[in-house]
Amino acid sequence: MGSFDTIPHHELMQSVARRVSDRWMLKLIKAWLKVPVEVRGEKGDRHRSGGKGSKRGTPQGGVISPLLANLYMHRFLRYWRQKGKGEEYRARIVNYADDFVILSRGRAAEALAWTRRVMQAIGLTLNETKTCIRNARQETFDFLGYTFGPERSRKNGRWYLAAKPSKKSVQRVKGKLRDVLLPWNLEPWDQVARRLNRILTGWANYFSYGTRLAAYRAIEAHVAVRVRHFLRRRRKMAGRGTRRFPEAVIFGELGVQRLQSLWTSTAP
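All residue numbers in the sequence shown are consecutive under my numbering, ending with 1727.
Everything labelled a hint here was simulated from the structure, so no lab data went into it.
Check each hint, because a few of them may be wrong.
Claimed, not checked - Pair by pair, the computed Cβ-Cβ distance ranges are: (1) G1604 - P1705: 25 to 35 Å; (2) K1489 - N1594: 41 to 51 Å; (3) S1513 - G1698: 52 to 62 Å; (4) E1646 - R1549: 52 to 62 Å; (5) R1566 - N1664: 34 to 44 Å; (6) T1584 - A1697: 51 to 61 Å; (7) V1494 - N1594: 38 to 48 Å; (8) R1477 - G1616: 49 to 59 Å.
As the list claims (entries may be wrong) - Heads up, simulated BS3-like pairs for lysine-lysine below, C-alpha to C-alpha not over 27 Å straight-line: (9) K1493 - K1514; (10) K1695 - K1633; (11) K1589 - K1626; (12) K1626 - K1614; (13) K1589 - K1635; (14) K1635 - K1695; (15) K1514 - K1489; (16) K1633 - K1589; (17) K1542 - K1589; (18) K1627 - K1589; (19) K1589 - K1514; (20) K1514 - K1486.
Note that the coordinates shown come from a computational prediction; the quantities given were computed from them, not determined experimentally.
We put the beta carbon where it would ideally sit given N, CA and C, even for glycine.
Produce the complete structure using the sequences and hints provided.
Pasting the structure below:
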């Protein structure tokens, strides 16, 4: 949903005022909503949004924007409960900030149509590129970094409903790891390893649910290749460095965190 861009300021401030009575705080929040922000488009072009004349949207990247989005989104969630739509559509809503999914048994089309009408009524816009209906027993969908849907068990070949790190989440953490192992990083190795471990441990803590071993293995393989290349270049070694820096050394004496050990320690 594109609520960060479309939340109407007047209605939002009314929602805030129901919970905050301090007029100076209300004035400060209103001023935050008018902050001009430079936005980079998908093609790299830049433009400004917001400003004194703006009447919609919260600043992208603003520390208070997720809180305001949650607060305004509560209008929709409260109305959903008041109208008994969960029972009518045999459905549940799972939301985080302005992202949400509606899990329905056989009434998904009706739930989506009702949601569109209500969102339009309160001045919000669904992101149509992300909005769709999926049969979770036959198709996959992404939500909050996870991919949900059917998966075949490697043990017995049976299909089950899985939750696993999405491809985008895996690519994103790989990018963060590459940024640490850039050629011009001249930090001592122990500092480099600590930075890598913070990224790996934080990522694993978030993705500690569901089917994750394949993603862990893919990230470990990526780390091994990048660390090996980083150290070989730093030490001006010939060859690929596989004999000097095998995985046992990288995830052993060099101190890089092995994700599979975290998976083993947290697996039920």
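TODO: Go ahead and decide if the range 51 to 61 Å is satisfied by the Cβ distance of T1584 to A1697.
DONE: 57 Å, holds
Task: Range hint 25 to 35 Å (beta carbons of G1604 and P1705) holds or violated - done: 31 Å, holds
- [ ] Take the C-alpha atoms of K1589 and K1635, compute the straight-line distance between them, and say whether it is at most 27 Å.
- [x] 25 Å, holds
- [ ] Could you grab the alpha-carbon distance between K1589 and K1514 and see if it respects the 27 Å cut-off?
- [x] 25 Å, holds
Task: Given hint K1589 paired with K1627 - CA-CA distance at most 27 Å - done: With a Cα-Cα distance of about 14 Å, the restraint between K1627 and K1589 holds, given a limit of 27 Å.
Task: Pair hint K1635 and K1695, alpha-carbon separation not exceeding 27 Å - done: Distance ~24 Å between K1635 and K1695 Cα, so the pair holds.
Task: Restraint status (C-alpha distance of K1542 to K1589 at most 27 Å) - done: Distance of about 25 Å is within 27 Å: holds.
Open item on the list: Next pair to validate is K1589 with K1626; report whether the Cα-Cα distance is within 27 Å.
Closed with: Satisfied, since the Cα-Cα distance of roughly 16 Å is no more than 27 Å.
Task: Hinted pair K1695 and K1633, Cα distance within 27 Å - done: 24 Å, holds
- [ ] Sort out whether K1486 lies within 27 Å of K1514, counting only the CA atoms.
- [x] 15 Å, holds
- [ ] Starting from K1514, check that the Cα of K1489 is at most 27 Å away, please.
- [x] It holds: about 11 Å lies between the C-alpha atoms, which stays within 27 Å.
Task: Satisfaction of hint between K1514 and K1493, Cα-Cα up to 27 Å - done: Given that 27 Å is the threshold and the Cα spacing comes to 8 Å, the pair holds.
Consistency note: the structure conflicts with none of the earlier hints.
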